[in-house]
Amino acid sequence: MDRLRRAFLAPGVVTLSLLFVAPLAIILLYSFQSRGVYGGVAPEFTGDNYSRIADGLYGAIFLRTFVLAGVATVGCLLLGFPLALFISRAGKRRNLYLQLVMLPFWSSFLVRTYAWMVLLRDTGLINTALTGLGLIREPLPLLYNDGAVFVGLVYGYLPFVVLPLYATLERLDKSLTEAAADLGASPWQTLIRVIVPLCAPGFRAAAVLVFIPCLGAYLTPDLLGGGKTVMAGNLIQNQFTTARDWPFGSAVALVLMLLSLVLLVVWMRTQSEDAL
Amino acid sequence: MSRLLGLYAAAAFAFLHLPLLVLAVFSFNESRFTVWTGFSLKWFDAAFRDAQLAEATWNSLLIAFAATLASTIIGTLCAYGLWKRSSRAVSGTLYLSLVTPEIVMGVSLLAFFQWLFRYVGMHLGMHTVIAAHTMFCIAYVVIVVSARLRSMDASLEEAALDLGATEWTTFRRVTLPLIFPAVAAAGLLAFTISFDDYVITSMVAGVDSETLPMVVYALARRGANPVVNAISTLIVVGLGVLIAVSSKLQETR
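Residue numbers (my numbering), protein chains in the order written: chain A, 9 to 284; chain B, 106 to 358.
Next up, chain A with everything else stripped away, as it sits in the complex (with noise of 0.2 Å):
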C-alpha cells in the first residue's frame, strides 16, 4: 500500500524537486557568493548581497514595492468590497455575476496588460476621445508612470478580493443585519458598523491573497510603468539580464521569495481561523 502510494508521488515529488527546489537551492547559494569578473558567479562566500539590499538604491526600490503593492491592494479591497455586495444580494443571478468577475482573468494576463497601453498611450483610446471631445489639447501623460501600474494591478487582481469577500458575505449570519434594522439602523448604519466589521476575516484573506502576487510583480510593472517604475521584481529581471550580477540578484529573489512565504503562512492562517 505505502509502496504503491510512494508510486503515485515519485513523478511529481522528482519533478518539483528537480525543477522547483534544486534551482532554488543553486540561487540561495549565489546569493552568498560573488559577482565573477565577466559576469559569473565568484566561488568565495560573502554576505554583501543582502546588505546591499538595504542600501540606499535597492531600499527605495523595496519600499516603492510595498508602497505600490500595498495601495494596489487597498484599492483592489476598496473597489471589490461593494462588488462583492452588490453580488451577494443579487438573487438568482449571483453565479451569473461571479463568472462575470472571473472571465477576464482567465483570459491571457500579457493581453490584458497590452489592453491597457491600448487605451492609456498617448494615441489611446482615453486620450484621443478626451482630444476629440476639445477637453485637452496635449495627450495626458497617462501610460509609463506609476499611476499605470496601479490601474494595471487592481485590474489584473480584482477578481482575488472579489471572491473571498464574496464567500465571506454569503456566510454571514442574516439574523445580525435584520437585528440591526430591527434596532433601527439605516441601510448604511447596517452596513458600516455591522457588515463591515463582520467581514473583517474576509478581508485579511482577500488582502493577502492580492499583496502575495502585486509584491512579486513584474509584468505588469515593466509594459505599463515603461522602466521608470521599478519594482522588485524588475531589479531581478535587470540583475540576471543586462547587470550580469547573478549573486546580487539571487539575493533579491530570496528576499521576495520569502516574503512571500511569510504571506503565504499568515494566510493560511486566517483560513484555520475561519474554520472554528
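Everything labelled a hint here was simulated from the structure, so no lab data went into it.
A virtual CB, placed ideally from N, CA and C, is assigned to each residue, including glycine.
Warning: the hint list may mix true and false statements.
As the list claims (entries may be wrong) - Here are the simulated distance ranges between beta carbons:
| id | chain 1 | residue 1 | chain 2 | residue 2 | range |
| --- | --- | --- | --- | --- | --- |
| 1 | B | PHE170 | A | GLY155 | 38 to 48 Å |
| 2 | A | ASP63 | B | ARG277 | 53 to 63 Å |
| 3 | B | HIS122 | A | GLU52 | 53 to 63 Å |
| 4 | A | VAL29 | B | GLY343 | 41 to 51 Å |
| 5 | B | THR271 | A | LEU184 | 53 to 63 Å |
| 6 | A | LYS182 | B | PHE170 | 43 to 53 Å |
| 7 | B | LEU112 | A | ASP63 | 22 to 32 Å |
| 8 | A | ARG102 | B | VAL140 | 47 to 57 Å |
| 9 | B | HIS122 | A | VAL29 | 33 to 43 Å |
| 10 | A | PHE74 | B | TRP141 | 39 to 49 Å |
| 11 | B | PHE170 | A | ALA30 | 43 to 53 Å |
| 12 | B | VAL350 | A | GLU52 | 50 to 60 Å |
| 13 | A | SER25 | B | LEU112 | 18 to 28 Å |
| 14 | B | LEU203 | A | ARG102 | 20 to 30 Å |
As the list claims (entries may be wrong) - Selected chain B positions facing chain A (Cβ under 8 Å, derived; list incomplete):
| id | residue |
| --- | --- |
| 15 | ALA114 |
| 16 | LEU121 |
| 17 | LEU128 |
| 18 | PHE131 |
| 19 | SER192 |
| 20 | GLU207 |
| 21 | LEU215 |
| 22 | ALA216 |
Using the hints, position chain B against chain A.
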C-alpha cells in the same frame, strides 16, 4: 442604497470588461490609430502572413502540448497519492510553487539550467521551456483533480478492492474513469497556463524557441500596434474557449 450599488456594479463590470472589448473592437479597425474609420480584416491578414508569428505560434503549441501531457499525468498521479494519504511536505511544496513570484521561478530555473549545462553539453531551447512549464503546471492539475477526488464516493474504490482488484487495477479501471472529466479539465487549464506564460519562458527559452507571448511582448514593448491587437483578440478567444470547456468539465458529475 441598492440602486447606488447597482450603478457601482455596472461601472465595475465595465472596468473589468471594457479593456479587452476595446482591444477586440479596434483589431477590426481600418486605421492603425484609435479612431474608428471602418471595418477591416487587414490586421488579421497581416498577422496570418507573418512568418515569425507562425513559427512562434507553432512553438507555443508544441510546448503547451508536451507540458500539458507531462504535467497532467504527473499531477493526476500526485493528486491520487495525496488523496490516499496526505503529505504536508508535498502539498506545502505545491502551494509554495503557486505563490512563488514568476520572475523568481524564472531566474532560479535559468541559474539551474546554466549550472547543469556545465556538466552536460546542452543549451537552452524547447526542452528547457517544456521542463519549466511542466513543473509550474503540476500544482494547478493537482488542485483541480484533488477537488474531484474529494467529492468522489470512496466506497466505489473499496468495493473494487474487496472484490479482489489490485490497487493499480482499481486506480485504472475504477477511479480514473470516475475522475476523468476533472483530469481533462486540468489538462485544458494546464494548456492555457503554458500557452500564455511569458515571464518564465523568456528566462529559459533559447534562440530556437521563441513563443507567441514572447513575440507579442517584444511588439508591445515597442508600443501599441494593430497587428498585436489582432493576435491578442485571437489569443483571448482561443483561451476563452478552452477555459469554458474546462469549467464545464469540472462541473460534470
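A quick look at each hint next to the structure:
{"no.": "1", "hint": "B:PHE170 <-> A:GLY155: 38 to 48 Å", "verdict": "holds, 40 Å"}
{"no.": "2", "hint": "A:ASP63 <-> B:ARG277: 53 to 63 Å", "verdict": "holds, 58 Å"}
{"no.": "3", "hint": "B:HIS122 <-> A:GLU52: 53 to 63 Å", "verdict": "holds, 54 Å"}
{"no.": "4", "hint": "A:VAL29 <-> B:GLY343: 41 to 51 Å", "verdict": "violated, 34 Å"}
{"no.": "5", "hint": "B:THR271 <-> A:LEU184: 53 to 63 Å", "verdict": "holds, 54 Å"}
{"no.": "6", "hint": "A:LYS182 <-> B:PHE170: 43 to 53 Å", "verdict": "holds, 49 Å"}
{"no.": "7", "hint": "B:LEU112 <-> A:ASP63: 22 to 32 Å", "verdict": "violated, 49 Å"}
{"no.": "8", "hint": "A:ARG102 <-> B:VAL140: 47 to 57 Å", "verdict": "violated, 39 Å"}
{"no.": "9", "hint": "B:HIS122 <-> A:VAL29: 33 to 43 Å", "verdict": "holds, 40 Å"}
{"no.": "10", "hint": "A:PHE74 <-> B:TRP141: 39 to 49 Å", "verdict": "holds, 42 Å"}
{"no.": "11", "hint": "B:PHE170 <-> A:ALA30: 43 to 53 Å", "verdict": "violated, 26 Å"}
{"no.": "12", "hint": "B:VAL350 <-> A:GLU52: 50 to 60 Å", "verdict": "holds, 54 Å"}
{"no.": "13", "hint": "A:SER25 <-> B:LEU112: 18 to 28 Å", "verdict": "violated, 53 Å"}
{"no.": "14", "hint": "B:LEU203 <-> A:ARG102: 20 to 30 Å", "verdict": "holds, 27 Å"}
{"no.": "15", "hint": "ALA114", "verdict": "holds, 4 Å"}
{"no.": "16", "hint": "LEU121", "verdict": "holds, 5 Å"}
{"no.": "17", "hint": "LEU128", "verdict": "holds, 4 Å"}
{"no.": "18", "hint": "PHE131", "verdict": "holds, 7 Å"}
{"no.": "19", "hint": "SER192", "verdict": "holds, 7 Å"}
{"no.": "20", "hint": "GLU207", "verdict": "holds, 6 Å"}
{"no.": "21", "hint": "LEU215", "verdict": "holds, 6 Å"}
{"no.": "22", "hint": "ALA216", "verdict": "holds, 5 Å"}
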